[in-house]
Structure formats: structure tokens, C-alpha cells
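Engineer: Sequence:
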Amino acid sequence: GPRPIAAPLQRAMQRSVVRAASALIATTRRSQAALERVRDDAGSRACVTCIHNGFDPDDFSADLTPATRPDRSRVRLVYAGTLWNLTSAEPLVKAIRLLGERAPAAASRLEVVFAGRRTPDQESWLRTMTGTPVRIVQLPYQDHQTVIGLVRSADALCALLTDTPDAARVLPGKIFEYMACDNPILAIAPRGELWEILERYPQSYQFLPSAIADIARCLEALAVSCPRQLHDPPVTWDKTTFDRRHQAGQLANVLDAVADAANAAVRSAVARYA
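For the sequence shown, the working numbering begins at 1 and goes up steadily by one.
Hints in this document: simulated from the structure, not taken from any laboratory.
Certain hints may be false.
[Claimed, not checked] Per label pair, the in silico range of CB-to-CB distance:
#1 S61 - V258: 16 to 26 Å
#2 A20 - T128: 48 to 58 Å
#3 L139 - R72: 12 to 22 Å
No residue lacks a Cβ here, since even glycine has one placed at the ideal position from N, Cα and C.
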């Protein structure tokens with residue numbers, strides 16, 4: 001197959017691009033560190049900056065209403081995004097099945113919504129929840145504004161990352177919109193970038209994918225809490241660092257630094273030949 005040939009070609013192309021760059025931007029701290037190593041190996045002087053994806057505050061303005069919920073008798077947990085091998089629902093599904101076995105009354109008070117694309121393997125995992133007291137809602141890919149409305153309608157939100165070698169540096173873009181909602185967040189992921197971001201957030205519950213019993217207990221606690229109790233006291237935190245207006249300012253600083261360096265180089269060249 002082409003893989004043995006493609007890998008060195010891609011590395012060579014990467015080094016070429018990095019050598020030509022004046023600045024490099026990553027979206028996670030660990031990716032920033034990896035880019036710095038690539039830069040050093042390539043002999044580049046490019047500055048590497050981390051700018052997180054963040055959220056658009058206009059998506060969460062008070063005049064935008066969340067998705068309607070005719071039935072509020074259950075606590076709604078929402079997962080928004082693709083389900084595939086890097087974001088497997090397997091640990092959440094196992095915890096839901098365990099909850100249904102151990103605490104069916106609590107499970108009957110829980111609604112779990114999956115919105116987004118799913119691989120066939122993930123569809124198979126979701127089907128194994130058939131027959132549990134938990135209400136399972138499966139929605140296809142939704143446009144951005146619809147997803148935001150769905151996320152805002154939730155009582156709690158779920159983030160998933162599979163325990164793979166590179167997962168520690170992965171940061172799902174949806175996590176910033178989750179935090180912008182001020183809702184409790186259940187994160188099932190290996191320790192890494194996602195855990196570190198959520199340490200700044202006052203109402204997050206973080207579990208390793210292997211901690212099925214602990215995840216089930218957390219689901220039970222969410223299920224027996226009415227929505228008012230989930231938000232009492234309300235989640236309060238400083239979200240300005242993830243506001244995209246702040247990210248735009250970070251990008252402007254990078255561009256200013258690149259322009260200043262270029263202008264200084266031009267002035268130096270002119271002075272030499274003057």
C-alpha cells in the first residue's frame with residue numbers, strides 16, 4: 001500500500017511548510033508542544049501559539065431560545081457530535097445499561113440524546129441500550145444553530161474521548177460551547193487536554209473510560225436531581241478567555257508580530273544597501 005511512501009513524503013512537506021512559516025498556530029497546548037518539536041527539527045524560527053477554538057457569544061444571546069422540550073419529566077443529557085473510534089459511546093452505553101440493571105427507577109428519569117453522525121460500530125453500541133428504562137433519542141447530523149438550541153435545552157452535557165495514545169492532546173471543539181451553556185458536563189475521557197480545560201469549569205464530572213461503575217453512579221445522581229437542583233447554585237465562571245472575540249485578539253497579536261518582524265527585516269535590508 002502507499003502508506004510507507006506517503007509518511008516520509010508528508011513529513012518532508014511538513015518540514016518545508018514549517019521552515020517557510022513566520023508563525024504557527026495550534027488549537028491545544030499539547031499540539032503546540034508537538035509543533036514546537038517539529039519546528040525545532042525543521043530548523044525554523046517560527047513562533048508557535050495556542051489559540052483555542054472557543055465559542056461565539058452570539059450563539060448564546062438571551063433572545064435565542066433553546067430547543068423545545070414538551071416533556072420535562074426526565075433529566076436530559078445531550079451528546080452533540082460525531083460518534084466514531086475516537087469518540088466512542090461504548091463506556092457511556094455500558095454505564096447506562098448498568099444503571100438500568102442496578103437502579104431502574106432512577107434510569108427511568110433519564111433521557112440521553114445523541115445528535116450527529118455515527119459509524120456502523122457506534123450504531124451497534126447504541127442498539128444495545130434497547131430495553132433499558134433510559135429514554136434514548138438518536139438524531140442525525142444537525143445544522144449548527146439547531147445543535148446549539150439542543151445543547152441549550154439540556155440539563156447536562158456529555159463529552160467523549162476514547163483512551164487511545166493520541167487522545168490526551170485532543171480537545172473536542174464542542175466543549176467550549178458546552179461550557180458557554182453553563183450546564184453540568186459529564187466528560188468520559190483519558191487524562192489530558194480535555195481534563196485540564198474542565199478543571200477551570202466549576203461543574204464538571206470527569207471519568208476515565210474504564211470507570212463504568214463510577215459513570216453509572218454519576219448518571220444516577222444526575223437522574224434523581226431535578227433540573228432546578230442541577231443548576232442550584234447556578235454555574236458561574238469567567239468564560240471570557242474562550243469567547244471568540246478574545247481568540248480574535250490573540251490572532252491579531254500573532255499577525256502584528258509577524259508584520260512587525262517583516263517590517264524590521266525590510267528596514268534592515270534597506271539600511272544595509274543605503
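Engineer: Indicate, hint by hint, whether the structure satisfies it.
Structural biologist: Hints, one by one, checked against the model:
1. Look at S61 against V258: about 33 Å separates their beta carbons, and that is not inside 16 to 26 Å.
2. Under the hint 48 to 58 Å, the C-beta atoms of A20 and T128, about 50 Å apart, fit the expected range.
3. Roughly 18 Å separates the CB atoms of L139 and R72, a value that falls within the hinted 12 to 22 Å.
Checked against the numbered hints listed earlier, the structure breaks hint 1 alone; every other hint is satisfied.
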